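Student: Okay, here's what each chain looks like letter by letter:
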Amino acid sequence: GAGVSQSPRYKVAKRGQDVALRCDPISGHVSLFWYQQALGQGPEFLTYFQNEAQLDKSGLPSDRFFAERPEGSVSTLKIQRTQQEDSAVYLCASSIGGLAGRSYNEQFFGPGTRLTVL
Amino acid sequence: GQQVMQIPQYQHVQEGEDFTTYCNSSTTLSNIQWYKQRPGGHPVFLIQLVKSGEVKKQKRLTFQFGEAKKNSSLHITATQTTDVGTYFCAGPSVRDSNYQLIWGAGTKLIIKP
Numbered sequence: 001g002a003g004v005s006q007s008p009r010y011k012v013a014k015r016g017q018d019v020a021l022r023c024d025p026i027s028g029h030v031s032l033f034w035y036q037q038a039l040g041q042g043p044e045f046l047t048y049f050q051n052e053a054q055l056d057k058s059g060l061p062s063d064r065f066f067a068e069r070p071e072g073s074v075s076t077l078k079i080q081r082t083q084q085e086d087s088a089v090y091l092c093a094s095s096i097g098g099l100a101g102r103s104y105n106e107q108f109f110g111p112g113t114r115l116t117v118l
Numbered sequence: 001g002q003q004v005m006q007i008p009q010y011q012h013v014q015e016g017e018d019f020t021t022y023c024n025s026s027t028t029l030s031n032i033q034w035y036k037q038r039p040g041g042h043p044v045f046l047i048q049l050v051k052s053g054e055v056k057k058q059k060r061l062t063f064q065f066g067e068a069k070k071n072s073s074l075h076i077t078a079t080q081t082t083d084v085g086t087y088f089c090a091g092p093s094v095r096d097s098n099y100q101l102i103w104g105a106g107t108k109l110i111i112k113p
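Protein chains in written order, with our numbering: chain A, 1 to 118; chain B, 1 to 113.
Nothing false has been slipped in among the hints.
With beta-carbon atoms standing in for the labels, derived distance ranges: (1) I110/B - V12/A: 24 to 32 Å; (2) Q9/B - P70/A: 38 to 46 Å; (3) P70/A - T77/B: 44 to 52 Å; (4) Y10/B - P8/A: 26 to 34 Å; (5) P61/A - M5/B: 19 to 27 Å; (6) R64/A - G16/B: 44 to 52 Å.
If you want the ones that stay clear, here's a sample from chain A, every Cβ over 12 Å from chain B, calculated: (7) D63; (8) E71; (9) E85.
Since the hints were made in silico from the structure, they are not lab data.
Predicted model, so just to flag it, every value in this text is computed and none were measured.
Glycine included, C-beta positions come from ideal geometry on N, C-alpha and C.
I would like the entire structure built from these sequences, with the hints used as guidance.
Tutor: Next up, the structure:
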């Protein structure tokens with residue numbers, strides 16, 4: 001597609017409910033990132049994929065958070081047993097490059113999913 | 001741990017006034033990126049600076065990278081309503097990776113009515 005898309009755009013969950021957030025990156029982009037953005041803050045890194053490999057999940061706040069990208073394109077971020085502190089905007093970004101060289105490529109962001117946990 | 005700090009957190013200006021945001025890193029950076037996020041929107045890439053002392057211009061926007069590659073600034077001349085939003089700087093993590101960016105908290109540009 002023309003850009004990164006995410007669904008749903010808004011999600012309201014009751015505390016304890018499981019949620020799944022989807023990201024469709026730009027076709028052909030090797031790298032995919034998930035971020036969490038709290039109100040008034042910058043994006044906080046959650047996890048990184050190079051193609052289908054999850055190379056870094058150090059930013060995931062707890063073992064309730066799980067991400068996958070099984071075919072190296074679409075990615076899903078799953079949050080189990082949601083808590084109120086999980087309320088945030090979850091941003092997905094993709095970039096064209098991978099680990100080649102030491103250059104950092106421009107990241108293209110999706111519109112985000114605003115998760116509200118009641 | 002590694003930090004990227006931005007000041008100020010907010011800046012209120014009259015339309016037509018200038019705006020500047022400053023970014024300071026706790027570590028030397030190989031490069032720095034700037035993004036703009038409109039209200040209710042998502043971050044959009046503006047520019048990447050790589051060289052020590054580099055200055056780049058995009059119309060009314062001027063970006064600078066410090067000589068020590070630990071600080072950067074974005075200056076907007078004669079602000080317009082279309083400039084409203086939050087401006088973020090982001091620098092690479094010093095961990096052995098070449099993908100993770102550490103983000104500043106952003107500077108929100110507000111145009112006074």
